[in-house]
Amino acid sequence: MKESESGSEGERGIPYLFRCPISLDLLTDPVTLCTGQTYERSSIEKWLSVGTQTCPVTMQKLHDPSMVPNHTLRHLIHQWRLQSVSDSDSNYHHPLIASDSDRYPFISSLKHILQSHDSSLEDKLQTLETIQILSPSCHSCLIELGFFPLLLQLVFGAKQNLKLVEQALICALKLLPHCSLRPLKDMFKEESVELDNFVAVFNQGTITIKKSLCEIVEAISSSLETKELCAMLGNNQRLLRGMVLLLYHQDHSGASESGIKAMSPFCSLEANRGNLVRQGVVDGLITYILWSGHERQNRNLGMAMAMLEGLLGLESAKQAVIDHPSGVNVLVKMVFRVSDDCHQSSESSVNSLTMLCCDSVQAREAAICAGVLTQLLLLLQSQCGGTTKTKARMLLKLLRSTHHV
Numbered sequence: 001m002k003e004s005e006s007g008s009e010g011e012r013g014i015p016y017l018f019r020c021p022i023s024l025d026l027l028t029d030p031v032t033l034c035t036g037q038t039y040e041r042s043s044i045e046k047w048l049s050v051g052t053q054t055c056p057v058t059m060q061k062l063h064d065p066s067m068v069p070n071h072t073l074r075h076l077i078h079q080w081r082l083q084s085v086s087d088s089d090s091n092y093h094h095p096l097i098a099s100d101s102d103r104y105p106f107i108s109s110l111k112h113i114l115q116s117h118d119s120s121l122e123d124k125l126q127t128l129e130t131i132q133i134l135s136p137s138c139h140s141c142l143i144e145l146g147f148f149p150l151l152l153q154l155v156f157g158a159k160q161n162l163k164l165v166e167q168a169l170i171c172a173l174k175l176l177p178h179c180s181l182r183p184l185k186d187m188f189k190e191e192s193v194e195l196d197n198f199v200a201v202f203n204q205g206t207i208t209i210k211k212s213l214c215e216i217v218e219a220i221s222s223s224l225e226t227k228e229l230c231a232m233l234g235n236n237q238r239l240l241r242g243m244v245l246l247l248y249h250q251d252h253s254g255a256s257e258s259g260i261k262a263m264s265p266f267c268s269l270e271a272n273r274g275n276l277v278r279q280g281v282v283d284g285l286i287t288y289i290l291w292s293g294h295e296r297q298n299r300n301l302g303m304a305m306a307m308l309e310g311l312l313g314l315e316s317a318k319q320a321v322i323d324h325p326s327g328v329n330v331l332v333k334m335v336f337r338v339s340d341d342c343h344q345s346s347e348s349s350v351n352s353l354t355m356l357c358c359d360s361v362q363a364r365e366a367a368i369c370a371g372v373l374t375q376l377l378l379l380l381q382s383q384c385g386g387t388t389k390t391k392a393r394m395l396l397k398l399l400r401s402t403h404h405v
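First residue of the sequence shown: 1, per the UniProt record's numbering; consecutive thereafter.
Hints are computed from structural coordinates only; laboratory data are not their basis.
Built from N, CA and C at the ideal position, the CB exists for glycine as well.
Please note that the accuracy of each hint is not assured.
Dumping the calculated DSS-like pairs for lysine-lysine here, alpha-carbon to alpha-carbon at most 27 Å [what the hints assert, rightly or not]:
hint, residue 1, residue 2
1, Lys189, Lys111
2, Lys389, Lys333
3, Lys174, Lys159
4, Lys227, Lys111
5, Lys163, Lys189
6, Lys189, Lys159
7, Lys227, Lys185
8, Lys397, Lys333
9, Lys163, Lys227
10, Lys174, Lys185
11, Lys111, Lys46
Computed Cβ-Cβ distance ranges for the label pairs, DEER-style [what the hints assert, rightly or not]:
hint, residue 1, residue 2, range
12, Val361, Leu314, 15 to 21 Å
13, Leu62, Asn161, 37 to 43 Å
14, Pro65, Glu215, 34 to 40 Å
Starting from the given sequences, assemble the full structure and let the hints guide the process.
What follows is the structure, given as structure tokens:
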């Protein structure tokens with residue numbers, strides 16, 4: 001290490017993020033390559049000067065050798081150095097009984113800014129931006145210092161500025177894959193203020209906030225640790241209605257896809273399925289399928305079709321499809337389509353139509369008018385799976401015997 005970087009900085013240890021991957025020294029003039037990796041300018045210039053046109057860390061070939069100054073990281077390093085100098089003037093603490101602030105002085109100072117009622121909104125927003133930069137390489141430290149529950153409190157505690165909520169959610173999602181969901185379980189109790197705030201933030205928030213909250217619901221639904229919380233969220237009518245409304249976002253924001261992925265696990269419980277139907281999910285799914293059915297590649301379309309199929313175990317869902325002006329028609333169109341994900345959608349469509357047509361003359365007539373017989377014949381000539389073809393033949397037999405075609 002350079003002599004000027006010894007002393008308090010050496011004793012504390014330079015954070016991994018602040019070291020040049022080549023020299024391992026503290027970055028003083030950080031620059032970023034097209035691969036996203038940051039180096040000390042002089043070190044990477046030497047590396048490139050010998051004719052090496054690859055990134056030292058990723059070993060990817062550099063399609064663009066230009067270097068972009070990383071002013072944000074340079075500012076963070078400056079703050080850290082000031083903090084290190086300040087800490088060196090304080091009393092010595094034995095390492096075996098060192099507090100969090102002794103071990104992680106810079107990151108502890110960030111936590112203090114977020115916790116303090118005296119911190120301005122601007123300071124908190126800047127701190128959240130810093131956490132976003134630090135989280136990829138320092139997530140263990142951030143989790144150890146309790147940042148995840150703190151970020152959740154910023155989002156779901158007292159009424160907060162929506163910009164602050166949005167940034168805090170982005171930070172929380174970066175930590176979410178690495179930490180326990182216990183803080184979520186502890187925070188959201190039935191009829192708790194935090195649960196009410198969750199619903200309020202969801203319904204009043206920006207598209208980015210809604211998508212972020214959908215990711216949190218996904219995580220809750222996929223963990224046994226929060227199984228009860230998943231059931232509780234699936235029973236919240238206002239939250240479900242807010243998610244259903246995302247299905248009507250006919251744009252490329254990803255909001256409708258986020259809604260589908262968040263609601264899909266709720267279909268595993270019959271009570272939740274009934275709640276979803278009551279909140280209009282059938283109409284929402286039909287609208288989404290109509291809008292996105294022309295896309296050749298859409299993994300979420302198969303999920304939407306499977307979700308609709310799962311709901312059709314309820315009579316109320318069947319009736320909602322039959323009553324929708326395009327309900328049966330959209331299922332017929334999905335029986336056979338030229339796309340990369342057609343097999344899952346085709347099977348769900350055939351299963352859904354079978355459930356509808358077995359019990360409803362109206363559904364059978366609507367399906368035949370929509371051209372289901374031709375669609376089934378095309379499907380039988382395609383490369384779809386044997387199970388799908390068997391179900392398609394059964395549906396074709398049902399429709400032909402009914403109408404003597």
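Open item on the list: Taking the earlier hints as the rules, which of them does this structure contradict?
Closed with: 4, 9, 11
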